[in-house]
Amino acid sequence: QKEVEQNSGPLSVPEGAIASLNCTYSDRVSQSFFWYRQYSGKSPELIMSIYSNGDKEDGRFTAQLNKASQYVSLLIRDSQPSDSATYLCAVGGTAGGTSYGKLTFGQGTILTVHP
Amino acid sequence: EAGVTQFPSHSVIEKGQTVTLRCDPISGHDNLYWYRRVMGKEIKFLLHFVKESKQDESGMPNNRFLAERTGGTYSTLKVQPAELEDSGVYFCASSQFLILGQGAYEQYFGPGTRLTVT
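Going down the list, the protein sequences come from chains A and B. Counting the first sequence from 1 gives a position; this note's numbering is that position plus 1. For the second sequence, position 17 (counting from the first letter as 1) is numbered 13 according to this note's numbering, and the numbering increases by one without interruption.
Please note: incorrect hints may appear among the correct ones.
To be verified - Straight-line distance between alpha carbons at most 25 Å, and here's what the computed PhoX-like set of lysine-lysine pairs gives:
{"no.": "1", "chain 1": "A", "residue 1": "Lys3", "chain 2": "B", "residue 2": "Lys74"}
{"no.": "2", "chain 1": "A", "residue 1": "Lys57", "chain 2": "A", "residue 2": "Lys68"}
{"no.": "3", "chain 1": "A", "residue 1": "Lys3", "chain 2": "B", "residue 2": "Lys40"}
What the hints assert, rightly or not - So the derived list for chain A, only partly shown, Cβ under 8 Å to chain B, looks like this:
{"no.": "4", "residue": "Pro15"}
{"no.": "5", "residue": "Arg29"}
{"no.": "6", "residue": "Ser44"}
{"no.": "7", "residue": "Thr99"}
{"no.": "8", "residue": "Ser100"}
{"no.": "9", "residue": "Leu104"}
{"no.": "10", "residue": "Thr105"}
{"no.": "11", "residue": "Gly107"}
As the list claims (entries may be wrong) - Estimated spans, in silico, between C-beta atoms of each pair:
{"no.": "12", "chain 1": "B", "residue 1": "Thr69", "chain 2": "A", "residue 2": "Gly10", "range": "38 to 46 Å"}
{"no.": "13", "chain 1": "A", "residue 1": "Pro116", "chain 2": "B", "residue 2": "Glu64", "range": "23 to 31 Å"}
{"no.": "14", "chain 1": "B", "residue 1": "Glu81", "chain 2": "A", "residue 2": "Asp28", "range": "21 to 29 Å"}
{"no.": "15", "chain 1": "A", "residue 1": "Asp28", "chain 2": "B", "residue 2": "Tyr70", "range": "44 to 52 Å"}
{"no.": "16", "chain 1": "B", "residue 1": "Gly36", "chain 2": "A", "residue 2": "Tyr40", "range": "16 to 24 Å"}
{"no.": "17", "chain 1": "A", "residue 1": "Tyr72", "chain 2": "B", "residue 2": "Glu81", "range": "27 to 35 Å"}
Note that these hints are calculated values from the structure, not bench results. All figures in this text were calculated on a predicted structure; none of them were measured in a lab. Just so you know, even glycine gets a beta-carbon here, dropped at the ideal spot from N, CA and C.
I would like the entire structure built from these sequences, with the hints used as guidance.
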């Protein structure tokens, strides 16, 4: 079992729709969770961080965390063609251990928003 | 505010040669990280500096890789001698601090160095 799993996609949604991206993780004591967006040939760009159970909204993006289910999701409302990219889920290291700063990444979900 | 910068952007070397990658973190960020993405695989952690000290080297693949961070500012990652499997994109990231009890904080990535070993 991979430490961080994402549906590889590709996920295709029409412009204006809601895109839903999912991620599960295996380390039950993980406490920090991040979503990055990566355009082809570019570096990962941090778009959301979430540390507590529930929802966190920032503009058109909503991150949802359920630690009991070890599940993180990202919703993109009113999807635009410019949102087409690979979305990476990253899980932070466990607090208290030496690897607390480490991020473990999923393989990414390719999102395509078509006009 | 300038972001994380990396040099060079591309490097092509022959097997057995040495390559040194450089990373300049965001000013004021004590935490510096190196990651690598090999073709078709997910981004993998290599190591974490807090200022000039190595906090976590658990991801370094072998002793051909040497990372340094002089004076807690920029960092270098040297690969000597390079092997074919070292090819990939090497990312550097930095973060301002870590939250006690929560672990990793927001990390900002540089543009990466694409290393090709032939």
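Quick rundown of the hints versus the structure:
1. A:Lys3 with B:Lys74: violated, 29 Å
2. A:Lys57 with A:Lys68: holds, 14 Å
3. A:Lys3 with B:Lys40: holds, 13 Å
4. Pro15: violated, 28 Å
5. Arg29: Since chain B brings no Cβ nearer than about 14 Å to A:Arg29, farther than 8 Å, the hint is violated.
6. Ser44: holds, 4 Å
7. Thr99: holds, 5 Å
8. Ser100: holds, 5 Å
9. Leu104: holds, 6 Å
10. Thr105: Hint holds; A:Thr105 Cβ to chain B Cβ min 7 Å, cut 8 Å.
11. Gly107: holds, 6 Å
12. B:Thr69 with A:Gly10: 38 to 46 Å: holds, 39 Å
13. A:Pro116 with B:Glu64: 23 to 31 Å: Violated: the Cβ-Cβ distance is about 49 Å, outside 23 to 31 Å.
14. B:Glu81 with A:Asp28: 21 to 29 Å: holds, 27 Å
15. A:Asp28 with B:Tyr70: 44 to 52 Å: violated, 32 Å
16. B:Gly36 with A:Tyr40: 16 to 24 Å: holds, 18 Å
17. A:Tyr72 with B:Glu81: 27 to 35 Å: holds, 34 Å
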